[in-house]
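Engineer: Model the full structure from these sequences, guided by the hints.
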Amino acid sequence: MNHTTVGVIGAGRIGRMHTENLVHHIPDAEVKAVASPHLDEGWAEELGIPGRSIDNSAVFGDPEIEAVVITAPSGLHCELILEAAAAGKHVFCEKPVALEPGPIEDVLKATQRAGVLLQVGFNRRSDPSLLDLVETVREGRVGDVHTVRVTNRDPKAPPIDFVKRSGGIFLDFLIHDFDTLRFLSGSEIVEVYATGGVLIDPEIGAAGDIDTAMVTARLANGALAVIDASRQAVYGYDQRFEVFGSAGSVAVNNTTTSTRVVSTTGGVVGRTPHDGFVSRYREAFIAELSGFLAAVRGDSPIVAGAEDALAAVRAAVAARESFNQNRPIRLAETAPVAGEGTTA
Amino acid sequence: MRTINVGVLGAGRIGRLHTENLFRMPGVRVKSIADPYADFGAWPPEGIETGIDPSLVLDDPDIEAILICSPTPTHADFTETAAAAGKHIFCEKPIDLDPERIRRTLEVVDAAGVKLQVGFNRRFDPTFSRVRQAVIDGDVGDIHIVKITSRDPEAPPVEYVQSSGGIFLDMTIHDFDMVRYLTGSEVEDVHAMGAVLIDPAIGDAGDVDTAVTTLKMANGALAVIENSRQAVYGYDQRVEVFGSKGSAEAGNETANRVTLSNKDGVGSDTPLYFFLERYQASFVAELEAFFASVRDDREPPVGGRDGLMSVLVGLAAAQSMAENRPVKVEAS
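Heads up: the protein sequence lines correspond to chains A and B, in order. Take the first sequence: its letter number 200 is residue 200 in our numbering, and every next letter is one higher. Take the second sequence: its letter number 247 is residue 247 in our numbering, and every next letter is one higher.
Hints in this document: simulated from the structure, not taken from any laboratory. Don't take each hint at face value.
Said to hold, decoys possible - DSBU-like, lysine-lysine: derived pairs with alpha carbons at most 35 Å apart:
(1) A:Lys109 with A:Lys164
(2) B:Lys328 with A:Lys164
(3) B:Lys245 with A:Lys164
(4) B:Lys245 with A:Lys156
(5) B:Lys328 with B:Lys93
(6) A:Lys32 with A:Lys109
(7) B:Lys328 with B:Lys263
(8) A:Lys156 with B:Lys328
Structural biologist: Structure, rendered in structure tokens:
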């Protein structure tokens, strides 16, 4: 098998997960170096990664490394992509690439000029159930798409520190859902209306964010869509999807780690959904990197690119504006000028 | 149990359904049915007076309670006349499409001191009642999100759409009432987005056939209603209430509980076809509740104010879609 040499920038929770997937589950990947300011040397050594550094040049400066996985803090994503592109390396970058369209447009151009690939971590695009759903839609089995529905509820609200710098619920959380609407419908988001509230934790409100949100969207193909999102579903990570059309509907429900069902006088009780994205999207996280490496070798197109990141961020920014102004916002209102239409 | 004499106005589909249910209900006797257009040749069975003039029912001093199942434009008039005659009233929704007219009618009802129940049958569906019970029991905690899926199996004739008041007043009105019922809270803000995706003739008639409506409730909860005039697989009626302690969800009901597995997949029959099948039990239960209210001199569980509120929300939704902005719901 043809090996692709990979470097990882950032070894936080997501970085370690991706690295472990590369080492354990993706046979055609060879992780040569990992760089992170707070690197756990023992962890990297145990994985058999030869290059271990607190300095990114261990990755960017190594001519043998063809592809870079960027899992550093979000605020650094764009500059790291630019650095990787300058070094001629293909890039897989976690979402969000940036919290506004302008910088994403810049990295899109830079990677194109450098002739390197840029894949974005929209993991749901690699989920077997969602791929199955999309194939069903593409085969025409639900007919023309009329409505698309996404339920996205985290098991536990994030720490307030995260909320303060995340860009808010629309950019750090619903960003996945905006991409999912595009992925499931095969169409573009034209208009959004967002409503929401602080129903879980007043601290989130004090930090200037909301914890419960609902977004209605109109798509270019005429379909309507709705996202309902919550920072905290006490029963687990609630991820459900439905596409309804002229010939029927197709849905993806929650999955569980076990199919055990207990029936007693008190009722019939099954397991709760997964406890978070790491376990719910385990296969997707492996498949998205596997797909990225296949694209690096020229075997297939990338799964999600900078254009997708851009479209999702535009929708998220429009949703935030819609919420702030309490009116529907057409993406065309905010899109043409990079960075405009964003408020603090 | 004391027997209550009942008269029915309107012998169309819903009038016949209610009347048939009354035949099997203890403590109730259907005395007469009036409908200017009905052919009473084959129905109802002998022993029930029939006629084309509503006075047959409204002027009969023996009749204690009436069911108004006639076309919507007659509801307010019949309700007022029946109230003035001291009769208790079960009226199909909506009472009227004009809130002012509903308010006047409710004043007449109040002055007469008679009971008025509005036909929001879904509140009496055993499945949705169980969801409401879970809310009351605190099983879902504070309510954060309510989701309603409400799709008809087939689009109505265009002539119906032209006189119905549009999707928000003829279809979503049930869902507005369901959100109020499930949350026990009032709708404050409405935003509706609609599209014509099923039948261009519906668009030509000035209506939409697909709609997504979001609501902000007085208790802070958010609600979303997804409507379609046509789900080819049957009547799609699902609700979910999500809150701080969990969620309560009701899926579709099928005629049986069979799962068929073969090499092509694992499947069941499609949902019960339409409201007559899906809400059969609720139609009986709503009338039982009405007659219990009459008999025990209690307020009916769904009153005139509920009829008014759902219309006010429906009008706000129609305005929201027309003006493409969120609209505040007028106070009752």
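Engineer: Are the Cα atoms of Lys328 (chain B) and Lys93 (chain B) separated by 35 Å or less?
Structural biologist: At roughly 22 Å apart (the allowed maximum being 35 Å), Lys93 (chain B) and Lys328 (chain B) satisfy the hint.
Engineer: Between Lys328 (chain B) and Lys164 (chain A), is the straight-line Cα distance small enough, at 35 Å or below?
Structural biologist: holds, 31 Å
Engineer: Between Lys245 (chain B) and Lys156 (chain A), is the straight-line Cα distance small enough, at 35 Å or below?
Structural biologist: Holds, at roughly 12 Å.
Engineer: CA of Lys245 (chain B) to CA of Lys164 (chain A), is that 35 Å or under?
Structural biologist: Holds - the C-alpha atoms of Lys164 (chain A) and Lys245 (chain B) are around 25 Å apart, at most 35 Å.
Engineer: Given the hinted pair Lys32 (chain A) and Lys109 (chain A), is their alpha-carbon gap at most 35 Å?
Structural biologist: holds, 28 Å
Engineer: So if I understand the rule, the pair passes when the alpha-carbon distance is 35 Å or less; does Lys109 (chain A) with Lys164 (chain A) pass?
Structural biologist: holds, 30 Å
Engineer: Within a Cα-Cα threshold of 35 Å, do Lys328 (chain B) and Lys263 (chain B) meet the stated pairing?
Structural biologist: Not OK: Lys328 (chain B) and Lys263 (chain B) at ~52 Å, beyond 35 Å, violated.
Engineer: Would the hint linking Lys156 (chain A) and Lys328 (chain B) be met if the CA-CA limit is 35 Å?
Structural biologist: Status holds; Cα separation ~32 Å.
Checked against the numbered hints above, the structure violates only hint 7.
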